[in-house]
Structures are given as C-alpha cells and as structure tokens.
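Trainee: Single-letter residue listing:
2 protein chains.
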Amino acid sequence: MFDNSVIDGKENLCQDLEEYYVNCIANALKRIRVGGSDYQSKLLDFGVSNHDVNSLRDINSLPFTTKKDFQENYPYGLFAVPLSEVVRLHSSSGTKNRPKIVGYTKNDIRNWETLVLRCLMMHGLSKDDIVHNSFGYGMFTGGLGLQLGVEASGATLVPASSGNTRKQIDLLRDLKATVLLSTPSFAMHLSEQSEKLNFDISRSPLRLGFMGAEPWPVNMKQQIEKALGIKAVNIYGLSEIMGPGVGVEDPNDSDSIILWSDHFYVEIVNEEGELVPDGCYGELVITSFLKEALPLIRYRTGDITRIVKRKGLSGVWVERIASRSDDMLIVKGVNMFPSQVETVLCDFPELSPYYLLEIEKHGFSDHVILNVELSRGKYNFERSQIYDISERLRKSLKDDLGVHIDIKIFNPGVLERCESKRKTVNDKRENADSSYIA
Amino acid sequence: MFDNSVIDGKENLCQDLEEYYVNCIANALKRIRVGGSDYQSKLLDFGVSNHDVNSLRDINSLPFTTKKDFQENYPYGLFAVPLSEVVRLHSSSGTKNRPKIVGYTKNDIRNWETLVLRCLMMHGLSKDDIVHNSFGYGMFTGGLGLQLGVEASGATLVPASSGNTRKQIDLLRDLKATVLLSTPSFAMHLSEQSEKLNFDISRSPLRLGFMGAEPWPVNMKQQIEKALGIKAVNIYGLSEIMGPGVGVEDPNDSDSIILWSDHFYVEIVNEEGELVPDGCYGELVITSFLKEALPLIRYRTGDITRIVKRKGLSGVWVERIASRSDDMLIVKGVNMFPSQVETVLCDFPELSPYYLLEIEKHGFSDHVILNVELSRGKYNFERSQIYDISERLRKSLKDDLGVHIDIKIFNPGVLERCESKRKTVNDKRENADSSYIA
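Taken in order, these protein sequences are the chains called A and B. The numbering of the first sequence is UniProt numbering, which starts it at 1 and goes up by one. The numbering of the second sequence is UniProt numbering, which starts it at 1 and goes up by one.
If we strip away everything but chain A, and leave its shape as in the complex, we get (with noise of 0.2 Å):
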C-alpha cells in the first residue's frame, strides 16, 4: 500500500511542486474527459472526478494506465483531443499485437523538440556538429522524435534512417560525421562492418553517441565507446510517453538517467502496483501530465529501475534501466533477464557482445543454451583455451543467475546480425513467445 512516509523524506518534493503535480495532472484528467475518449470511462468508474485531485496520495491511487489499454482503445480511443488538432501519429512497435497509436498535438511537437534538445545539449551537441541519424524514420519516434531536437540546435542533421549498413558507412565516412544516434547493436554492427571495409572508424571525426531504444549494460557502453572512439550516452523514452528524450544519461554518472520531472510525474511500484520507497526497485510509473494529444495517467512502462534522487522540477534522476519487466524468463522457476547475461558476457573480453539464448524444453526441465562468439580477429585459441573459456563463463553465469546455462562458442560473425533492434532470445518451450526482440 501506498506509505505517506516515502514522499515525507528528506529529499522530497517541496509543497510548490506537490501543487504543480496536483494541478498539472488535475487539468489532464480534464482534458481526457473533454476529450470524449473511451479512457474517460475507465477513470470515470474508478471515481476519479475533478475534485479528487489534492494531492500526491490521491495521485499515487490514480488507476494504472497499460499496454492493454492501448491494445482496448485502438487506435485513437485514448486521445483527448479531436483528430483536428492532431498533427502527427506514431506508433510504438507491436512485435505481437496491434500498435499502439500515439499523436502528437503542434504544442506536443514543440514540447518533444525541446525535450530532446535539453537532452543532446547537456552532452555537448553544437550547431558545428554534423549528426548521423541511423534510428529508423516513419512510424518509429526514434529518427522523427531525435530529428527535431537536432534541427533546433542547428546542427548538420544527416537522416541515414535505419538498415543498409554498406550505405551508412560511406555516408559517415565522406560527409565526417561528428556525432551518431543509433541502437547500441547498430553501434556495434558498424563498427564490426566498417572494419571489414577497412574504415577505422575509431579514427574518424566521431565523437560523441546517443543511444536507446534497447536496455545496454555499462560494460556495453564502455566496448562501444573504444570500438567507436566516442563518448556513448544513453537517451531514454518511449513513443507511449512521447518518444526518445523522456530523460537522458546524467553527464556526470554514466549509472544514472534525469526523467525531466518538470514534463512528467515519476513513481516506482511493485509488481502488485504499489509504491515503493526512492532507492527500491521496481516498475517505472510515468505520468505524462503535459501533452495535449494523448495524456497518460501512471503508465506502466515495463521498465525496472529505482529512483536515484529527486531535484525538484530539474529532474528525477532514476538508476540506468537494465531491463524490462516484459523480458522476464522464468527458467526452472527462477527468474532471469537477458541483460543479466549481457552484463557478464561483457565481462569476457574474449568473447564478442553478440549472444542469442535458446530455452528448450527436456522433458519437464528448462533447458538454456547461450550461443556466443569469439572477439573479432583478436585471438586464436586452442581448443582447451576455448574450453575454458566456457567454463568460466558457465560459473560467472551459474554464480550470477542461479541457473545452469549451456555454452556454444562460435567463429565471429556466426550469430545473425540485426539492422534494428537485436533478437536475443529464442524461447522454443510451448506457451513462450518464440522470439523476443530487444
């Protein structure tokens, strides 16, 4: 249950900005209403009326938003706004079910523009940048969304779009790109792709990154940043919340992101959607009380993460998310995340960070197999070299995850490479998805 004491802490929020949340989220439960959509009932049912917002308590039992919502409501049942006034759609990927539809109001574009550009400047982005744009345009937020904040910089923006990976190094090579917004697997896919066309792009005026889309481990971050010669800073969002920049990598701990709490309300709740206290992990909750188009009362984001600290309306700084309460697998009752295992096989230098889990089923036991590479052209073992190798992976993981895990080690480039976001698990057992994308 919600315990008053997480809010009267000593890093709290003052009680100017309990009014400001009290009175941003009263106006866009309003606006939900007016705008006549099917969401109003939901809140409706729920007793929710103007009056009911006063404070944080009534806030924090606010009902839920959810993917299912959206999947209820398609495609534009959760707008509070007449289509009129929309000028932009965008959908958030459903790898299994319908998108989900989000719009965008002319204030919703500008508040996105600005959003993102707090983000790319507060890491040094310059009107004298030339930024190479590889997250994929069109229904996708990801090259739209980090357009805008360029553009509004002044900036050079060159839009690559996603896939053609032979085409995107020619472009970063001829026009000097200085930045690069891209996945982390994009990252690393051209520098693998750009050392077989013997472009070191360790060397090229790269500088500086932006990436997202996919949870990256800091160890990820770190092989990027030397594979690439660039600083990599992680951008953070989701097209449900608005799309990239709903908070960025703080420049001064690559462990923490800012959520730009003067745009979004912030909670964390367990699995049974209560809160829990700053510093505890759980489900990011976001509010986002602001836009026009498409206001969202505590969506459930999926994302795993605590709050780090609270600096009033500058920012809530929340720990980097490592994973997504979606990518739970429960193997032999245990619960894993693919990123716990990404995080270790960054720790093995001998080893490429490209890796796909394969869970079978044997019987009535779980069965797990990783398939790894060996690092590009670096080494040349011997087979017990190899073989112990995978022996101390096998221990790290059995240490780490609690669950035995099979090792195949493979010849680089083996594993299939992704242009867009990374296949890392193949859950063959019945009832299980059969792929999960990043």
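Source of the hints: derived by calculation from the structure; they are not laboratory data. Check the hints yourself; a few may be wrong.
Identical copies look the same in the list; a pair holds intra-copy or inter-copy alike.
Claimed, not checked - Each computed DSSO-like pair below joins lysine-lysine, with the alpha-carbon atoms no more than 27 Å apart: (1) 408 <-> 231; (2) 127 <-> 408; (3) 30 <-> 231; (4) 428 <-> 311; (5) 423 <-> 196; (6) 361 <-> 30; (7) 309 <-> 231; (8) 30 <-> 428; (9) 395 <-> 423; (10) 106 <-> 176; (11) 196 <-> 226; (12) 167 <-> 423; (13) 176 <-> 309; (14) 332 <-> 423; (15) 196 <-> 428; (16) 127 <-> 231; (17) 196 <-> 106; (18) 30 <-> 127.
Put chain B on the given structure of chain A with help from the hints.
Mentor: Same frame as chain A, but now just chain B:
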C-alpha cells in the same frame, strides 16, 4: 544560339520581373563565390563577375550546372555556406554513381515548407485531413520534404515511409487516412494488394493523392484515380533543386505543372544547350536563386517538357513531364522513351500497367521484348484473344515508336513489384546500364 525574340514575345517577362531575376541571380552568384566552393572556379573560368549579370540575356548565357558537377565536387563542393549554417543534408539517388549530396540552411527549410504547403493547399488539403505519407523517409527528399508541408497545414501526418505494404494497408484502413502521398507505382501496388486482403480501398475515406518521383502519363493517373477512388495530383520536384514541391499540377489542367517562379528561374534548352522558344520541347533548366546552402545556376534537370505559359511571379506553366533525357534508349538507331511504351500500354484495359522492357543484342541487331501482364481478375481470355491483344499492342507500338517490339503476355501478378521506384528497363546490351530505375 540564344535568340532575343524568345523573351520579346507577347507572354513575356515584364521589366520588373527581369529586374527581380537579375538581382536574385546576381546575388546567388555572389553567395556562391563568397562560399568559397570549388563550384566558383567554374563560374570564374567562364568569366562571370558581379557586373556580368545585368539582363536576362546575361542569365541565359551563364554556364550550366550538371550531374557531373555533383560528381566532381562530392560531397560538399557545391555548397555556398559553411557547414555550420547547414541544418540538413539529403541525397539524390545515385543508382550508378556517388549520391548527389544536397544541403539546406534554416531559411532553405522554411522556404521548402512554404512551397510544399502551397502545392498541397492549392488542391484542397485541410487541417481535417489525415495524410498517409508512403514516400521513403531518410536521405531521399520525398518523405521528409512532403512532411514539412503537411505539418505546416495542420493536417494529421502519418509518417508511414516506404516498404512493408501489408502494414501500410493496415494503417490506411485503421487510421482512416483521407490523403495518400506516394509514388504512382506504389499507389497501384497498394490497390492491388488491398484487393487481395479484401479491403476495398476505393470505398475508404481516401479522397486525394499527391504523387511523383517518377514520370507517369495522364492515363495512368486516371487508372489510379479509379482504383483508389481519389483525385490523384502530380507533384513535381527534384532533390538537386529542393525536393518535392518545386511545382504542382494545375488544378484546372492535369496536363500542366505550375513551377514556382518566385523561387526558380525556368528555361528550356535543346540538346546543344541552346534556349528554345516557349512552346517548344526541350530539357528543363532551373536556377534555384533563393537557395542559401546550395544555389544552382542553370541546372540541367534531364526532364523533357515545354513551357505552356508564364504568369509573372505566380508561376511558369510547363507540360506534364513524361520522360527524362537520361531515360532515352537508342534501339536500332531509333530514340525511344519507356514512357512512350507506358502511354500506349495504358490504352489497353485488358493489360495491367506493370511492364518490363528487355533489350538484347542479337548479332549486330537490337532486339526488344515487352513483358506485360493481363489485368487482375477481370478477364478470362482464350488463347486466340490473347494473340489478338498482343498483335494490336505490337502494331500500336510500331506506329507510335517506329520500333518492332516483341510482346510477352503473362498472368496477373507475375512481374516483379517494387515498393519504391519501378524498374522498367533491363538493357542487356554490352556497354548498356544493366537496369534502369524510373
């Protein structure tokens, strides 16, 4: 040679207008030379100084800019401002060669937005429209260029981008788009695929389409209008000059395009580069005198057309563009354009508009085969009827093009479809390009 009578005719430029062009183009020349690009040396070698441009006669004798200039000055050599003032880069398709890199300052983007907006508003786009944009996003100017105008209009933009036809049909149906932006080929492909999925796109809310990036004859426009139940509008542009929106179909005359003469100076020249009188066919030459990042002097577009009328700064009307000088095929010593084949083909309702021209060398002689398809599902022909169609088509082509072409008729859906620009020619002769993308 340049003939002064061309500009002394009754539909001619008034004194003020001449002054406008002379001032603008003299300024553009100045900017190019201040920019310090390689491009200037060509102009200087030609003997151009600020004092040299005092009349239209002077403009009409400036050197041309060609595709070769892009090749030789790749990537940034034609830019007239430092990169720090360039906010966006795009590229024009370099099927065979290096892509042509083009750049925009903030003002250039603003002007682009205005001109695309003019094109769309002129044909009745309103803020109540939902606009599905199937033009490719990324380095191609189609997607992002048209997006500028759509967003400025306040309509709801669906940035679908190209590819993934199935998903596009889901979006068109579910989001209830009223306007489609696409290549003519993709519009036909959408209608064909929708039929397969039992979605009657002609009864959907779609009412209007803006199409371009390929030449398409008027009878293909009529086919598209019927299949999709829309008004299909020809939108003209090329990346080197700006992107889509350089001009648009006259709302009262589908055979002509209005080019925005307050932004572009328009000439028509013969193969030797000599100005031809208004009304005569030749190659369209455009000077983009207001562009800051990349003003081009007398750019040879490759598009074949003629000037229909001039109305001062409100526009220059040119005939709908059916062919490009680059597309010209020389077969048995005869010049022919794929668009001529297309026009003949569209007069055969028994046949679909998909086709592939194959050209082979048999000994010393060229041999042309036209692969076509029967129209989908509407006919159930006997062998003798197909023979009859084939003979009529062969005769029409011989009459119109003066070349004997063998006909191969296939069942509907056999020829390869393309999700972006069509492939219409496969020239297998030695020294010929192996394929041509319209």
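Trainee: When no copy is specified for residue 127 and residue 231, does a C-alpha distance of 27 Å or less occur within a copy, between copies, both, or neither?
Mentor: within (18 Å within a copy, 42 Å between copies)
Trainee: At most 27 Å between CA atoms: does that hold for residue 196 and residue 428 within a copy, between copies, both, or neither?
Mentor: The answer is neither: 34 Å in one copy and 32 Å across copies each exceed 27 Å.
Trainee: Go through the copies and call it for residue 196 and residue 106: within, between, both or neither, with a Cα cutoff of 27 Å.
Mentor: neither (44 Å within a copy, 37 Å between copies)
Trainee: Up to 27 Å between alpha-carbons, please classify residue 30 paired with residue 231: within, between, both or neither.
Mentor: neither (43 Å within a copy, 40 Å between copies)
Trainee: With identical chains treated as interchangeable, where does the CA-CA distance between residue 408 and residue 231 reach 27 Å or less: within a copy, between copies, both, or neither?
Mentor: neither (32 Å within a copy, 59 Å between copies)
Trainee: Are the CA atoms of residue 332 and residue 423 at most 27 Å apart within a copy, between copies, both, or neither?
Mentor: For residue 332 and residue 423, only the intra-copy Cα distance (22 Å) is at most 27 Å; the inter-copy one is 54 Å.
Trainee: Taking 27 Å as the upper bound on the Cα-Cα distance, should residue 395 and residue 423 be classified as within, between, both, or neither?
Mentor: within (24 Å within a copy, 56 Å between copies)
Trainee: At most 27 Å between CA atoms: does that hold for residue 361 and residue 30 within a copy, between copies, both, or neither?
Mentor: neither (50 Å within a copy, 74 Å between copies)
Trainee: Go through the copies and call it for residue 423 and residue 196: within, between, both or neither, with a Cα cutoff of 27 Å.
Mentor: within (23 Å within a copy, 31 Å between copies)
Trainee: Under a CA distance limit of 27 Å, which applies to residue 127 and residue 408: within one copy, between copies, both, or neither?
Mentor: neither (47 Å within a copy, 57 Å between copies)
Trainee: Please work out whether the CA atoms of residue 30 and residue 127 approach to 27 Å or closer within one copy, between two copies, in both situations, or in neither?
Mentor: Between copies only: 25 Å across, 40 Å inside.
Trainee: Using 27 Å as the alpha carbon limit, work out where residue 428 and residue 311 are close: within a copy, between copies, both or neither.
Mentor: neither (45 Å within a copy, 69 Å between copies)
Violated hints, in rising order: 1, 2, 3, 4, 6, 8, 13, 15 and 17; the structure is consistent with all others.
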